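Add chain B to chain A, keeping to what the hints say.
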Amino acid sequence: MKMKRTLALLCLLLALVMSLSSCFGENPYGGTTEITTTEQNKPIGPITGIPEGNEIPALTKPTLNLSSIPTYTGSPYTPINQNLPQFNENQYTTQSYEYYSALDSLGRCGIAVACVGIDLMPTEPRDSISSVTPSGWNNKEYSTDLVENGWIYKRCHLIGFQLTGENANKNNLITGTRSFNVDGMLPFENMIADYVKETENHVLFRVTPIYNGNDLVASGVQMEAYSIEDAGEGVSFNVYVYNVQDGIEINYANGDNWLSGSYVPPVDGGNGGNEQGDYVLNTSNKKIHRPTCYAVEDIAAHNKQTYTGTLDALYSQGYTGCGHCDP
Amino acid sequence: MKLIVCLDDKNGMAFNRRRQSRDRVLIEDLCRTVGEEPIYLSPYSASLFASTGAKTVAVVDPLGVSGVHCCFVETFDPAPYGELIDEIILYRWNRHYPADVTFTLDMSGYRLISADEFVGSSHEKITKEVWKK
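Here the protein sequences line up with chains A and B, keeping their order.
According to my numbering, the first sequence is numbered sequentially starting from 591.
According to my numbering, the second sequence is numbered sequentially starting from 57.
So that you can see chain B by itself, here it is in the shape it has in the complex:
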């Protein structure tokens, strides 16, 4: 499974059941990266893709759906699903936000394939990392 997440400087993901941040340019990059592949996500996350034309499948527990290949997660820690995840696309905001949900997936079994930076619409620098098992 391919996991896509966004993290702040302290690996934070969400606060009070809401995403820490958003960026139009990041979503465009995500859609280009995924291509025609359907993105499984929560109903909360679906609105980010409303005008992108991306194929999205909104389900309550996207990581819990068997056979899913691409999953975008914002408001819960995917660590319990680590064994199912063989690729991670990790966007770093390079900013600090409040967090009560943190990304704790053990990355020791993954290797960094690429790291690139780009300018977002409201973020000076977004770092995109691709990790694979």
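So here's chain A without its partners, still in its complex pose:
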């Protein structure tokens, strides 16, 4: 009994020590820095690149509750907290730095934060980033009528390449739709980049991927920015950017995606709606495939049906074309 009690006490002590040690990151310039995070107060790894003597970088932030975000209605982003970034004044610095959280146990990126200065900006063109496979990377090709260049996903920088010159940094790349990247995040990065180039001031910039539970694909990101030297007169915003692609539904748990049932293919697309053709149907998810489509093999026998006829007839029954083979 005594042995068990001692063991239990030792376990408790060990857990306490581990818990405390994981709440502190090593600062390479000396000392330790307390780190708390976004959603579950998890430790997010050691700080690197912080100039000596500076305050903690802007890692500590209020939790963003996904349920508080308005439903997506077509705008790529929506303001949060009346567009006021939620930094603390002791997080302001005029020394450039950048920080990327280590991947969590699910392989997901966490907070990325940078005090963007002209000295961090790239002077060379971007290298390939295709060696990185972000969590939930389940890329599929669709009609270019729906997604520019066809592929739904891009490897999306949390802190854009034009700001800090990060190439294939796995801690800075998430799975995001083309729309999310191009229409959602990029305009804000452009705004910051122009301001820094023109003024040579600094912008404190924090990007927080927001996941629903254990999802591998972020539902969106929170982007906050504040220009330091002019106290936010040049740049100041706090927005949520939706990780969506119109016409395509996404399973954020694993990144799977498919054409939305409400998507209406263009009249002149594919084989033409009135032409006779041979197709394979998935009667479960109401998808139309060409017989040669790789996805046909994955259709369960009891859901698979061969069909000869027009696409129009199938559309009228609620079927939609496969995004890969584009019938």
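FYI, nobody ran anything at the bench for these hints, they're computed from the structure.
If you're wondering where the values come from, they're calculated on a predicted model, not measured in any experiment.
Accuracy of the hints is not assured; some may be wrong.
As the list claims (entries may be wrong) - Okay, the calculated beta carbon distance ranges per label pair:
hint	chain 1	residue 1	chain 2	residue 2	range
1	A	Asp846	B	Arg167	49 to 55 Å
2	A	Asp902	B	Arg167	33 to 39 Å
3	A	Thr734	B	Thr158	23 to 29 Å
Unchecked claim - Taking lysine to any residue pairs in the SDA-like style, the calculated list, with each CA pair at most 20 Å apart, reads:
hint	chain 1	residue 1	chain 2	residue 2
4	B	Lys184	B	Gly123
5	A	Lys787	B	Leu63
6	A	Lys787	B	Thr108
Unchecked claim - Listing some non-contacts, in silico: residues in chain B with all C-beta distances to chain A over 12 Å:
hint	residue
7	Gly68
8	Leu82
9	Ser122
10	Glu139
Here a beta-carbon is modelled for each residue, glycine too, at the ideal position from N, C-alpha and C.
Positioned in the frame of chain A, the structure of chain B alone reads:
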């Protein structure tokens, strides 16, 4: 009245009460274009011209001042003042920025007089258009 505005790819002007972008070369071009004429603008915009030597008049509502001939507007849509505006100098950033203020002035009554491109200090291509009634 001569109106001067800067727009992004989607006719956006500003976001969260701040300009979308800025460019030193654009401001120099603007000053050359206007010459000795005073530029009416908001106090927020005045800082862009601080070291240019341009004649600026900072007022809260530059378009609302009667008799003004040249007005530079960044953070509000000038559409309500359309009847007063007989010339527009429109700079296009050729980039996409966030926007919650968009330029909605009906341009159907104006004709394009000229369109030129130049390289900015932080923009690869800025397009300058001159429109007149």
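Quiz item: Which numbered conditions among the earlier hints are violated in the structure presented, ordered from lowest to highest?
Solution: 2, 4, 7, 8
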